[in-house]
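Chain by chain, the residues:
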Amino acid sequence: MSKVRKDYEQSKWHRFSQWLNGEMPVEYKSSPEWHLTDEELSKKYEEDMERAKTAQRKEARLYAKYRSWPEEKGVHIYERVYRILAVLICLAVIGSLLITVSYLPEFGNSDNPVNNEVSKRYIEQGIQETGAVNIVTGMILDYRAFDTFGESHVLFIAVSCVFIILRLGIGKEKNIEDEKAKEAENDRLLEPKNDKILQKAAFFLVPIIFIFGIYVILFGHLSPGGGFSGGAIIGAGLILYLDAYGFQKTERFFTLKTFRVVSLAGLLTYAAAKSYSFFTGANHIKSIIPLGIPGHILSSGLILVLNICVGAVVSCTMYAFYVLFRKGDF
Amino acid sequence: MEFIRNLPFIGIFLCMSTGVINSVLDGKWAKKVSFTVITANLFMSILVLYYVWQTKQSYIYVMGHHPAPWGNEIRFGILEGAFATFFCLIMLLSVLGGVKRLEEDISEKRSNLYYVLVNLLMAAILALTYTNDLFTAYVFVEIMTIGACGIIVIRGEGRSLLASVKYMIMSLLGSGLILIGLTLIYDLTGHLLMSNIQEAAQQLVKSGQYQVPFTSAIALISVGLAMKSALFPFHSWLPDAYTYATSASSAILSSLVSKAYIFLLIKIYYRVIGLSIIFQNKILNILFLFGIAGMIFGSLSAIRQDDLKKMIAYSSVAQIGYIYMGIGLGTTAGMLAAVFHIMSHAASKSMMFLSASGLSQVSGRSCNYRKLIGAAHRNRIAGFAFLVGAFSMVGIPMTAGYISKVYFAQAAIQAPYQFKMIITVITLGISTILNAVYFIRALIVIYQPLKGQKQGADGRRDFRMAVALWALVVTNLFLGMHSDAVVDLLRAGLRMFC
Numbered sequence: 001m002s003k004v005r006k007d008y009e010q011s012k013w014h015r016f017s018q019w020l021n022g023e024m025p026v027e028y029k030s031s032p033e034w035h036l037t038d039e040e041l042s043k044k045y046e047e048d049m050e051r052a053k054t055a056q057r058k059e060a061r062l063y064a065k066y067r068s069w070p071e072e073k074g075v076h077i078y079e080r081v082y083r084i085l086a087v088l089i090c091l092a093v094i095g096s097l098l099i100t101v102s103y104l105p106e107f108g109n110s111d112n113p114v115n116n117e118v119s120k121r122y123i124e125q126g127i128q129e130t131g132a133v134n135i136v137t138g139m140i141l142d143y144r145a146f147d148t149f150g151e152s153h154v155l156f157i158a159v160s161c162v163f164i165i166l167r168l169g170i171g172k173e174k175n176i177e178d179e180k181a182k183e184a185e186n187d188r189l190l191e192p193k194n195d196k197i198l199q200k201a202a203f204f205l206v207p208i209i210f211i212f213g214i215y216v217i218l219f220g221h222l223s224p225g226g227g228f229s230g231g232a233i234i235g236a237g238l239i240l241y242l243d244a245y246g247f248q249k250t251e252r253f254f255t256l257k258t259f260r261v262v263s264l265a266g267l268l269t270y271a272a273a274k275s276y277s278f279f280t281g282a283n284h285i286k287s288i289i290p291l292g293i294p295g296h297i298l299s300s301g302l303i304l305v306l307n308i309c310v311g312a313v314v315s316c317t318m319y320a321f322y323v324l325f326r327k328g329d330f
Numbered sequence: 331m332e333f334i335r336n337l338p339f340i341g342i343f344l345c346m347s348t349g350v351i352n353s354v355l356d357g358k359w360a361k362k363v364s365f366t367v368i369t370a371n372l373f374m375s376i377l378v379l380y381y382v383w384q385t386k387q388s389y390i391y392v393m394g395h396h397p398a399p400w401g402n403e404i405r406f407g408i409l410e411g412a413f414a415t416f417f418c419l420i421m422l423l424s425v426l427g428g429v430k431r432l433e434e435d436i437s438e439k440r441s442n443l444y445y446v447l448v449n450l451l452m453a454a455i456l457a458l459t460y461t462n463d464l465f466t467a468y469v470f471v472e473i474m475t476i477g478a479c480g481i482i483v484i485r486g487e488g489r490s491l492l493a494s495v496k497y498m499i500m501s502l503l504g505s506g507l508i509l510i511g512l513t514l515i516y517d518l519t520g521h522l523l524m525s526n527i528q529e530a531a532q533q534l535v536k537s538g539q540y541q542v543p544f545t546s547a548i549a550l551i552s553v554g555l556a557m558k559s560a561l562f563p564f565h566s567w568l569p570d571a572y573t574y575a576t577s578a579s580s581a582i583l584s585s586l587v588s589k590a591y592i593f594l595l596i597k598i599y600y601r602v603i604g605l606s607i608i609f610q611n612k613i614l615n616i617l618f619l620f621g622i623a624g625m626i627f628g629s630l631s632a633i634r635q636d637d638l639k640k641m642i643a644y645s646s647v648a649q650i651g652y653i654y655m656g657i658g659l660g661t662t663a664g665m666l667a668a669v670f671h672i673m674s675h676a677a678s679k680s681m682m683f684l685s686a687s688g689l690s691q692v693s694g695r696s697c698n699y700r701k702l703i704g705a706a707h708r709n710r711i712a713g714f715a716f717l718v719g720a721f722s723m724v725g726i727p728m729t730a731g732y733i734s735k736v737y738f739a740q741a742a743i744q745a746p747y748q749f750k751m752i753i754t755v756i757t758l759g760i761s762t763i764l765n766a767v768y769f770i771r772a773l774i775v776i777y778q779p780l781k782g783q784k785q786g787a788d789g790r791r792d793f794r795m796a797v798a799l800w801a802l803v804v805t806n807l808f809l810g811m812h813s814d815a816v817v818d819l820l821r822a823g824l825r826m827f828c
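Read top to bottom, the protein sequences are chains A and B.
First residue of the first sequence: 1, per our numbering; consecutive thereafter.
First residue of the second sequence: 331, per our numbering; consecutive thereafter.
Hint data in this document are derived by calculation from the structure and do not stem from the laboratory.
The structure presented is a predicted model; accordingly, all values stated were derived computationally and were not measured.
Don't be surprised by glycine CBs; every beta carbon is placed ideally from N, CA and C.
A few of these clues could be false.
Residues of chain A clear of chain B, computed beta-carbon distances all greater than 12 Å [said to hold, decoys possible]:
hint, residue
1, E9
2, W19
3, D142
4, Y270
5, K286
Dumping the calculated DSSO-like pairs for lysine-lysine here, alpha-carbon to alpha-carbon at most 30 Å [said to hold, decoys possible]:
hint, chain 1, residue 1, chain 2, residue 2
6, A, K43, A, K65
7, B, K386, B, K439
8, A, K182, B, K439
9, A, K180, B, K781
10, B, K781, A, K12
11, A, K327, A, K193
12, B, K496, A, K73
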């Protein structure tokens with residue numbers, strides 16, 4: 001109905017329907033005046049044109065001024081205010097955290113709330129209950145094993161995300177072969193190749209690093225160390241070996257398949273072992289796994305197995321991170 | 331002990347191990363495994379809910395041979411059972427509805443990784459729902475942070491990469507604040523187990539010791555979780571993340587990930603700090619103000635959008651504001667309304683994201699309003715689901731959103747401070763009008779009659795999305811029409827929550 005009106009385009013309804021449909025509103029300068037005669041109209045038209053020209057010039061000047069303002073000055077002012085505010089807010093947070101720290105219980109005081117029955121039992125009965133001489137390992141792999149289980153899956157989900165972002169050949173790239181060749185080229189140019197000093201050093205160091213890592217994992221329940229730290233050491237050894245000898249040598253024993261098998265086996269063994277002990281523990285069934293004599297290498301029940309699993313997962317994850325960041329593929 | 335009490339633990343472990351197994355399967359098998367596991371979890375959660383509803387008490391499940399302050403434990407009562415069931419249901423329907431779009435957005439070789447992330451997210455959500463230990467909660471918060479970034483970035487476009495980087499920065503900042511808060515609480519109480527912390531906290535308040543660090547710990551945890559769930563001033567990551575992710579991811583992010591963080595916050599208030607302490611705390615007033623501001627500014631930004639998905643994303647900011655306003659009222663009635671709104675918003679928002687993707691699929695893959703004209707005639711199911719969702723957001727009777735608005739208004743009237751009551755009631759009114767403005771605009775656009783073109787259903791029908799949308803419509807209408815039963819359940823759950 002409303003379209004019968006001549007000035008329909010100016011009506012509120014028209015603007016409303018434009019807003020509804022997501023169209024930009026069009027501004028109309030003057031309304032058609034249909035009650036005037038032709039002469040008056042032409043005279044008016046000329047006047048209008050004159051006015052329009054001056055107005056356009058004026059507008060253009062103003063427009064240029066305002067158009068350039070945000071790019072020239074506005075951005076600077078915004079950035080400055082933003083930076084000042086950021087610094088002020090950071091200072092406020094730092095200040096309030098420092099004030100908080102000054103009210104905390106004194107460090108190392110024996111009356112602190114932290115020294116309660118929880119840590120007492122860990123220290124006094126940890127060896128009998130878990131069989132691990134290293135109390136920390138006993139704590140993370142036996143008392144609070146659920147947290148550590150989650151923590152190893154944090155690593156796993158992180159490596160999955162790195163796979164999503166960095167791995168070549170699984171995205172939407174058109175020419176995967178070109179991409180891979182380009183990455184390999186980059187790798188040859190930028191990374192050390194046949195560096196004699198590095199190779200000789202790695203020749204002596206890598207076996208020692210591997211053995212030390214394995215020692216740290218296997219003796220995790222007896223001395224400082226455990227799956228996470230030992231796995232990190234082995235991963236560092238693998239990376240050093242890769243740097244010295246290049247991909248051709250490492251691919252003989254470490255490919256994508258190795259990574260998948262090792263991490264899958266590690267995490268599933270971990271899950272199976274821990275679900276057994278959680279299930280028996282919660283249902284008050286006696287666990288059939290013997291704790292052994294504390295101090296022996298084959299002792300402390302499942303902790304040794306779990307340490308090996310965690311170590312395998314961590315070392316593979318470290319190596320996978322390095323390879324994916326360097327070449328985008330195994 | 332009855333076997334049924336093992337089900338929460340079995341559910342979490344099943345999700346995590348199948349997530350790991352999915353990484354070696356190919357896309358099709360991973361999808362099957364994922365759907366099976368989530369469905370199994372849904373049934374297990376229903377059994378758990380039925381069990382705790384029958385026995386009317388909550389149970390503690392010790393994880394391992396060592397009892398609670400030394401070992402880990404999980405605890406489940408009515409509220410946990412209800413939310414686990416609900417989260418599993420929404421997860422299942424979100425992935426089911428978005429699976430066709432997913433296959434188009436994500437290359438074949440990568441799609442198994444999506445189901446790895448989905449399974450681990452499901453495990454994290456379940457663990458956050460059931461856990462009774464602050465540090466376990468933090469570990470699964472970490473899994474959820476990384477997983478949520480992964481399901482945005484997996485689309486592999488420039489804009490989704492940028493959105494995910496934005497999200498990651500804000501989310502990690504939130505994680506950092508939560509961690510500082512946890513360390514402070516551990517330092518002051520010497521416990522990580524929720525119920526033990528509450529005892530120690532009550533003694534601290536009685537003796538008046540360490541009030542400053544305790545308050546700042548509460549503030550840090552609240553702000554950290556508020557950042558992760560996109561409360562108003564920290565919402566800058568939200569629109570991009572929800573818009574440029576694939577539709578299943580948007581649904582999961584908006585209705586599960588951010589809601590699980592809010593659930594954790596409510597759990598911390600109830601079980602770690604204690605209601606009597608938190609209701610006296612000034613932190614709630616700040617959350618209240620942020621929530622009120624979010625309700626207004628989120629809606630105002632939504633009105634300005636020309637993109638349907640972005641509009642829905644900004645409307646999420648407003649709805650998160652509602653939830654925090656309910657928490658900020660500082661009464662049990664407010665908490666109840668907030669908890670109900672978590673459910674009703676999750677049910678409507680996942681439906682809206684799925685139906686937006688359904689509408690854009692028949693409009694040239696664009697969510698722009700100009701392209702969407704008459705889209706509801708081309709895809710009737712998506713149009714109807716969008717209609718129900720929009721009605722629910724505005725608060726038309728018979729939908730879930732109406733009930734939560736009624737409960738918010740009731741809670742506001744019972745609030746102890748008159749000031750809060752007046753502000754809440756006025757803002758509820760303004761926000762409802764603003765919601766109506768942008769949702770009715772969208773409805774008019776998608777239901778505009780087409781001239782010349784053939785009206786009718788599109789040839790390429792997405793059966794799985796239709797099933798998911800119908801199920802979500804039914805869930806929403808169930809929440810709206812049988813709200814008494816649900817609210818009774820939640821009230822009983824909250825009573826045994828502390």
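Okay, the hints, checked on the actual structure:
1. E9: Answer for A/E9: holds, closest chain B Cβ roughly 18 Å.
2. W19: violated (8 Å)
3. D142: Given a closest Cβ separation of 7 Å, the condition is violated.
4. Y270: Since the minimum Cβ distance to chain B is about 9 Å, A/Y270 lies within 12 Å and the statement is violated.
5. K286: At roughly 9 Å from the nearest Cβ of chain B, A/K286 sits no farther out than 12 Å, so the non-interface label is violated.
6. A/K43 x A/K65: violated (33 Å)
7. B/K386 x B/K439: Judged against 30 Å, a Cα distance of about 48 Å means the pair is violated.
8. A/K182 x B/K439: Holds, at roughly 21 Å.
9. A/K180 x B/K781: violated (51 Å)
10. B/K781 x A/K12: It holds: about 23 Å lies between the C-alpha atoms, which stays within 30 Å.
11. A/K327 x A/K193: holds (15 Å)
12. B/K496 x A/K73: holds (26 Å)
Hints 2, 3, 4, 5, 6, 7, 9 from the list above are not met by this structure, while the remaining hints are.
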